[in-house]
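Colleague: Residue strings, one per chain:
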Amino acid sequence: MKFRPRDAFRASAGYQLLPMRFRRLPWDGDRVFVSSMAGDWLTMPAAAFQAFVSHELPDDSPYLADLQARHLAVVDVSKSSLAPLLSQYRSRKSYLMGGPALHIFVVSLRCHHTCSYCQVSRQGVNAQAFDLADSPAELAVERLFDWPSPELTIEFQGGEPLLNFEQVMRITRLIVARNQHEGRALRFVLASTLHDLTEEQLDFLAEHRFKLSTSLDGPEWLHNANRPRPGRDSYRRTIEGIERGRRRLGEDAVSALTTLTKLSLTVPEEIIDEYRKLGLHSISLRPLSPYGFATKTARRTGYATSDYLTFYKRAFLHLVAVNHSGYAMDESYAALLLSQLFTSFGHGYVDLRSPSGAGLGAVIYDYDGRVYPSDEARMLAAMGDPTWCLGDVSQPVSAWLESPAMASVLRAGVAEALPTCSDCAYVPLCGADPVEHYARQRDTVGHRPTSDFCQRNMGLFDFLLERFEKGSAEDQRLMQRWAMRQDSVEEAIHVAA
Amino acid sequence: MDSSEFVVDSAVYTFEEVIRAAHRLSGACHIEVGRRPNAHAVLVSALPGMAVPVDARARFFTDLADEKLRSLIRAETKGLHEQLVHAAISQAMPGAGSGP
Chain E
1 MKFRPRDAFR ASAGYQLLPM RFRRLPWDGD RVFVSSMAGD WLTMPAAAFQ AFVSHELPDD
61 SPYLADLQAR HLAVVDVSKS SLAPLLSQYR SRKSYLMGGP ALHIFVVSLR CHHTCSYCQV
121 SRQGVNAQAF DLADSPAELA VERLFDWPSP ELTIEFQGGE PLLNFEQVMR ITRLIVARNQ
181 HEGRALRFVL ASTLHDLTEE QLDFLAEHRF KLSTSLDGPE WLHNANRPRP GRDSYRRTIE
241 GIERGRRRLG EDAVSALTTL TKLSLTVPEE IIDEYRKLGL HSISLRPLSP YGFATKTARR
301 TGYATSDYLT FYKRAFLHLV AVNHSGYAMD ESYAALLLSQ LFTSFGHGYV DLRSPSGAGL
361 GAVIYDYDGR VYPSDEARML AAMGDPTWCL GDVSQPVSAW LESPAMASVL RAGVAEALPT
421 CSDCAYVPLC GADPVEHYAR QRDTVGHRPT SDFCQRNMGL FDFLLERFEK GSAEDQRLMQ
481 RWAMRQDSVE EAIHVAA
Chain L
498 MDSSEFVVDS AVYTFEEVIR AAHRLSGACH IEVGRRPNAH AVLVSALPGM AVPVDARARF
558 FTDLADEKLR SLIRAETKGL HEQLVHAAIS QAMPGAGSGP
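Sequence order for the protein chains is E and L.
Heads up: the first sequence begins at 1 in our numbering, then just goes up one per residue.
Heads up: the second sequence begins at 498 in our numbering, then just goes up one per residue.
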């Protein structure tokens with residue numbers, strides 16, 4: 001055996017650490033996940049990482065080149081440029097540059113359904129007092145163009161927006177007319193049950209190239225149990241709506257997402273198989289939110305985040321098997337997290353941004369003209385807590401930005417500055433959600449060791465990383481494909497209905 | 498186990514490192530942190546209806562060692578993080594010049 005010369009084992013002091021965070025891998029405590037400030041990352045033995053931080057890593061350590069390539073260290077300050085790191089950081093935070101791009105118009109609180117887990121404060125189908133009127137609608141359109149974003153996504157939701165479709169058409173026409181000289185890139189989305197969708201409505205939706213987002217909770221028995229309505233035929237009506245929408249607007253124009261109740265958690269395979277049966281290639285497995293009617297029925301329909309994660313892992317493994325059998329289908333939140341892990345692109349998903357996407361990425365114009373930084377903030381107001389109301393559509397945008405609600409968002413909205421998050425290795429890939437923490441913990445900053453938001457996102461990052469590391473080459477290729485699927489990432493952004 | 502006390506050599510670990518490590522356990526048990534001569538003391542006790550996790554001690558001291566590493570990183574990169582963020586964002590502002 002030939003030994004290397006003594007010098008080869010000399011510790012190196014010739015490198016400079018760059019800002020970084022690390023986390024012991026839950027499935028292997030002797031290794032760490034290390035991330036740069038821009039979200040580049042690697043895994044390595046904890047002992048080697050300790051030597052690295054202590055400047056005891058030998059010059060010829062195989063880790064040193066990798067650490068430098070990931071912007072975790074600079075070996076030769078005179079020859080190194082930090083420009084790629086800055087560029088990557090800018091790219092990650094690119095969602096900040098244009099201001100809010102997602103604008104949600106709540107055209108009515110009326111709805112056919114009486115779902116126990118409803119996250120909004122629905123009203124009966126005849127309660128027209130809960131429709132968005134013409135005057136606040138016009139003012140909302142004016143405010144929409146006060147924002148600088150060159151791309152505007154306008155999402156109509158409710159309640160059931162088809163119950164006030166006249167207003168959907170009116171607002172759309174106002175926006176399109178105004179855009180003649182504004183020149184923004186417009187994208188329209190209708191978040192609807194799609195029940196009773198008429199040919200006339202489809203004509204209009206086709207004319208303006210609408211995307212449809214609907215809710216499908218799984219097989220018929222589960223969907224109807226989750227979404228009661230007179231006639232107990234919600235599933236049939238939803239399927240008919242999906243088919244009508246696809247026929248007229250195109251296969252890719254209709255997406256569906258599930259809301260998961262306690263009952264749903266027992267049947268992940270059935271839910272996924274239902275989506276496959278319908279020819280859908282993406283599914284969104286979203287947990288219940290602590291808002292609206294969901295809070296009143298939490299004991300019956302709710303569950304712990306740990307139960308959600310157990311469900312998710314089972315669902316993920318089934319999805320992988322479905323893909324390996326030859327049918328392509330992804331889970332949109334996994335696609336979003338994987339895109340965060342494997343690309344440095346910015347994204348539009350408002351719940352996973354830092355600074356928070358509330359008010360900086362999305363604005364909600366409620367049926368009564370009040371304005372909120374997120375849909376969750378609107379739901380809290382409907383529950384009697386107007387803490388997060390930015391103002392109303394008669395005020396200029398500058399007044400909303402100077403509001404106490406926006407100040408609260410900004411104070412607790414930078415994840416990199418929050419306790420525990422500031423040291424979390426996933427923080428460059430994650431976000432801050434002061435509204436959710438306020439809703440769950442009555443504290444906008446929140447207590448991370450008991451935070452559902454934190455447990456859910458860290459649990460999912462850990463799980464996806466472990467699956468990637470332990471997966472076959474085929475599994476890894478699949479996960480990388482999901483990371484690159486922009487349409488699924490966008491689907492994660494527009495999860496509503 | 499209803500409670501347990503961990504004593505930390507204050508010549509090795511700072512009070513801040515102890516606080517940070519103890520905070521990570523605060524979802525699983527009640528925490529009190531105090532100062533002793535040449536030591537920091539962390540008293541962990543059970544939350545209502547729960548027991549102190551059996552691995553609380555191991556978790557705390559592992560987290561404490563990790564906090565020491567974070568302190569070293571923080572000391573070496575202090576100020577650099579803010580400078581880099583400022584440089585990155587300012588380049589994206591209207592009318593910004595070229596960066597480093």
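You may find that some hints are simply not true.
[Stated by the list, open to error] Pairs of lysine-lysine residues, derived as DSSO-like cross-links and limited to a Cα-Cα distance of at most 27 Å, are as follows:
1) E:79 to L:565
2) L:575 to E:93
3) E:313 to E:277
4) E:262 to E:277
5) L:565 to L:575
6) E:313 to E:79
Note that these hints are calculated values from the structure, not bench results.
Colleague: Now look at each hint and say whether the structure bears it out.
Modeller: Right, here's what the structure says about each hint:
1. E:79 to L:565: 30 Å, violated
2. L:575 to E:93: Roughly 21 Å separates the two Cα atoms, so the pair holds.
3. E:313 to E:277: 21 Å, holds
4. E:262 to E:277: 23 Å, holds
5. L:565 to L:575: 15 Å, holds
6. E:313 to E:79: 45 Å, violated
Consistency with the previously given hints fails for numbers 1 and 6, ordered from lowest to highest.
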